[in-house]
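Protein chains: 2
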Amino acid sequence: MKGESYMLKNVNFTEKPEEDELKARLKAAREKLAALQMQIKEHKIPVLVLVEGWGTAGKGSLIGQMIQNIDPRFFKVATMDSPTEEESRKPFLCRHFAKIPEAGKFMFLDSGWMDEVVRTRVHGEMDQKIYEQRIDSIRRFERQLTDNGYLVMKFFCHISEKEQKKRIEGLLDDIDTRWRVSENDKWQNKHYEKCLSVFDRYLEDTNTPSAPWYIIDARSRKWAALQALETLTQGIEIALQNQSLAVPLLQNVFPLVKMPKLSEIALDLAIEESEYKEELDKLQNQLKELHNRLYRKKVPVVIVYEGWDAAGKGGNIKRITEALDPRGFEVHPIASPEPHEKARHYLWRFWTRLPKTGHIAIFDRSWYGRVMVERLEGFCSENDWKRAYNEMNEFEKELHDWGAVIIKFWVQIDKDTQLERFTDRQNTPEKRWKITDEDWRNREKWDAYEMAVNEMIQKTSTSYAPWHILESVDKKYARIKALKIVIEELQKVL
Amino acid sequence: MKGESYMLKNVNFTEKPEEDELKARLKAAREKLAALQMQIKEHKIPVLVLVEGWGTAGKGSLIGQMIQNIDPRFFKVATMDSPTEEESRKPFLCRHFAKIPEAGKFMFLDSGWMDEVVRTRVHGEMDQKIYEQRIDSIRRFERQLTDNGYLVMKFFCHISEKEQKKRIEGLLDDIDTRWRVSENDKWQNKHYEKCLSVFDRYLEDTNTPSAPWYIIDARSRKWAALQALETLTQGIEIALQNQSLAVPLLQNVFPLVKMPKLSEIALDLAIEESEYKEELDKLQNQLKELHNRLYRKKVPVVIVYEGWDAAGKGGNIKRITEALDPRGFEVHPIASPEPHEKARHYLWRFWTRLPKTGHIAIFDRSWYGRVMVERLEGFCSENDWKRAYNEMNEFEKELHDWGAVIIKFWVQIDKDTQLERFTDRQNTPEKRWKITDEDWRNREKWDAYEMAVNEMIQKTSTSYAPWHILESVDKKYARIKALKIVIEELQKVL
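From first to last, the protein sequence lines stand for chains A and B. Mapped onto the working numbering, the consecutive letters of the first sequence carry residue numbers 1 to 494. Mapped onto the working numbering, the consecutive letters of the second sequence carry residue numbers 1001 to 1494.
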């Protein structure tokens, strides 16, 4: 039976040590952390420290204690308030994912996704189904981080009903501390038992082997600091030891759609010029009208373009965007990541580029670079890219659950057509910027890429986000096909 | 007498050409823009296109027309809504500065700082003094952009009261377009004459030689598109021609404080260990208490640390932050800019790192790199760094007007002390990461740096943001002095 272990209700704290011992151990833990921060930096481990807990339990001062001996260049602190209007138009995890630390650095979060979920839950504003979805999201999120080498330390600061009441009253007594007591703190204290049950449930639901919870006895600030510091340094030491060990690969858990191999795709499809013009006009007008309804109904749309160099992605995207209101879409051309992006989980730069509800984001290349260029050029380990299929399916599952329409295009041409277009670009002055030495180098690896693309298409065509192949030897044919697919997918939800 | 020229009231539009001519010219302008975008890219010119105008005048569709022939990799579109709660806790210009384009790219803004100012003004929520301050800010902002090679194109879409009314009614008739009519649109139409006067005043106040206004006759969409496209391409052609010309240098217009030269600063100041401990404890407690009040009164604080390598900046900053609530401050270590930062105005990465009201931002190195390392290493032109003194004074003036406390520290040591500390770092394993070859190279340029620092301190010690020298041969002395200055400056405003 689920729910038998109550992490808070049945908590048994170690006794607080004597003042002298406390002081000595605090000093030792601080010095240890100061030394470990250099190893974190050297081994490029990102450390996420999530501090959750009761209102007035001293989350802020606990963070203050932990950062004391860390160089300001190596850490950041963020306080998560309730989501803003803008944030509430993004997937639940979005603003949390945005906060993950860079490699070799610490991020301390003063409450986060736990607080967001339990706060809504305890007020009865989240039904069981959504709650379970959130728990799934959170477990996947934390696992994706630890799988990718993140150290995730989760602390819950626990105080009793009586202690909380005493603190609230103390803070309210002084004009300079009064602002620290929120309405939520007071509410919590009045409904302490109810909160306790919801917190307990959440802690158990998200207590995973790779990112377990640590319950901190927060009655005394110094004692709380010691518990957190000793647990944190221990966690870091284990992470340093484990860094070289392989991470288990997760099997894909989402239903897949059977897809053809690239070599099986007929490329002789074409369209007459006159028919093209007529269709284009008709479809663009249809899309324009759908964009209005999309906006009104606040449906977010994510369109991904991948394909061979010179396959015609740019022109294809243009035929879509021409039909859209410029205030309601954004095209994200994805090049190699910048340093601050490379220093984080590879999905970070996509999480931070998601559209808000009612908007369309078009990715000209995407997260799938992980299993194509990054795989073939050795920018990530074999374990990394093998894990990525499932991670990307999970990412798209988040988008799907959020209500997004996801459309993924593979723009397909054959090797001869590419050569023709490369040569044309080389010989036409105003097109020359489009062709680089790298394109020629990639072309030499055509067969390796074809193998990788086939594997990608098979393993990431989920029922909720399958790939669509655009036969683009005749670019016009591909444009019309893309427009039709976009329209069809939008009509399904509108 | 000011206010004699009414750009809107007395506007005389050219007559709209016949349909055939319109079509031909539109086609020509589009093709021209398509060709010019490559030159923009090649010459790395950033282009900011601001589209302001009456509600329902068709700003969005005008932008839609302009981007039609620009590659999605080269432009972005942003819609500026009313400031969010977070944004309203930053200086007025902050969210606008954040949107400036990268070198070689276009940014299209669907309304912006004009809309924000006139909207508040027309509702009587902004008095004359604040209005004039805003106008000053805007003029400086736009001039800083054009001085730094930005092309700033400002369009105002004009329609008559009658035309606006007709459009509003048309949009309201259809459920799919109804959301496009805002309360503000309706309000504008009801108070058309009043708005007209406020708009006219604003247009005249911000009509500058380097960033003039273009009034677009927006009665017909196609005709509006033609006017905008022809003006834009013309603007680009002029910008391309002018790129090689020198930009006039602006004299400093802010009152300066007389400062000593570095060579005149006595460095034998020191403090006893016992006195240091006592003072540190006392001052940190005082600062802690002030931080609470700061937070409650929502005063933003910006602290800048510059100084010689190994002067003791890090340890000094630490003694400040130890006294602060981690949720209320952030330390920004400033290294060399990343590609997306280098591609924008050099102040962009500081505008986007400002604290919100009630928070403290500490910059470990800062915008002053422009007149030190960038000057001496030739990372910018002579014209650039000479102009920068005034630009940085202007930047700090914005912060001052916003209500920020600005504290700038120069941490001073002599050349021998630096050598001692470098050697110590080199010989101590856990400090070795702090010393790089670059530090040694910079050391060789000590005299050049001293000259640059002297010039910087003289030219940027304004009455509202003077430099403070921290004599740091005895680091403890410098820490106590810094704490005292911070406390004193905070007490002035609290």
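I should point out that these hints are in silico values taken from the structure, not numbers from a laboratory. Just so it is clear, the structure is predicted and the values come from calculations on it, not from any experiment. Do not rely on the hints blindly, as some may be mistaken.
Within a straight-line C-alpha distance of at most 30 Å, the following computed DSSO-like cross-link-like pairs (lysine-lysine) qualify [to be verified]:
{"hint": "1", "chain 1": "B", "residue 1": "Lys1342", "chain 2": "A", "residue 2": "Lys41"}
{"hint": "2", "chain 1": "A", "residue 1": "Lys288", "chain 2": "B", "residue 2": "Lys1434"}
{"hint": "3", "chain 1": "B", "residue 1": "Lys1297", "chain 2": "A", "residue 2": "Lys99"}
With the threshold set at 30 Å, check whether the alpha-carbon distance from Lys1342(B) to Lys41(A) stays at or below it. Since the Cα atoms of Lys1342(B) and Lys41(A) sit roughly 25 Å apart, the hinted pair holds (cutoff 30 Å).
Quickly compare the C-alpha distance for Lys288(A) and Lys1434(B) to 30 Å and report which way the hint goes. violated (57 Å)
Lys1297(B) paired with Lys99(A) [C-alpha distance capped at 30 Å]: holds (27 Å)
Violated hint: 2 only; the structure is consistent with all others.
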